[in-house]
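Novice: If you read the sequence shown in my numbering, its first letter stands for residue 608, the second for the next number, and so on.
Heads up, some of the hints might be wrong.
What the hints assert, rightly or not - Simulated restraints, written as ranges between beta carbons of each label pair:
(1) 734 / 647: 20 to 26 Å
(2) 702 / 734: 34 to 40 Å
(3) 736 / 648: 46 to 52 Å
(4) 678 / 648: 36 to 42 Å
Simulated from the structure, these hints should not be mistaken for laboratory data.
For glycine and all other residues, C-beta sits at the position ideal for the given N, C-alpha and C.
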Amino acid sequence: MTEEESNPMSPILENMPLVAILEGAILIAMGVYFYLFPQEEQSVTALIPAFIGLGLLIPGYLAYNPEMKMHAMHATAVFALIGTLGGAMGIPDAIAGDWGRATIARIVLLLLCGEYMFFSIMSFRAARIKREQEAEN
Numbered sequence: 608m609t610e611e612e613s614n615p616m617s618p619i620l621e622n623m624p625l626v627a628i629l630e631g632a633i634l635i636a637m638g639v640y641f642y643l644f645p646q647e648e649q650s651v652t653a654l655i656p657a658f659i660g661l662g663l664l665i666p667g668y669l670a671y672n673p674e675m676k677m678h679a680m681h682a683t684a685v686f687a688l689i690g691t692l693g694g695a696m697g698i699p700d701a702i703a704g705d706w707g708r709a710t711i712a713r714i715v716l717l718l719l720c721g722e723y724m725f726f727s728i729m730s731f732r733a734a735r736i737k738r739e740q741e742a743e744n
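Turn these sequences into a full structure, and let the hints steer you where they fit.
Specialist: Here is the structure:
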């Protein structure tokens, strides 16, 4: 059994475009929900997760084209990094005990984008190892 076959993350790493589409859809739904059903007054900043979600969903869809896969997946990683950094702004509020909708949205953004970044890095690493092994043979 090769290292690739024994890796429990292989099903996820092999389907990163689908992961990008699903997580993008979740972020879009969350952003639209927080925008349409505000706790106080409606703010366009509630749509930030939706814009990050579009940055995952559209390139995720484009990644099904083999010619565009590498560039599209790198684009999703950039949007996930932006989402992770933006979501991290909710950590001080969460520590202070402010669990308002904005804090919850930031923490969810942090968790989803951080998780996607982790899998992106693992996927890029696996692709590099695969390319190196193919070059040796």
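Novice: Which numbered conditions among the earlier hints are violated in the structure presented, ordered from lowest to highest?
Specialist: 1
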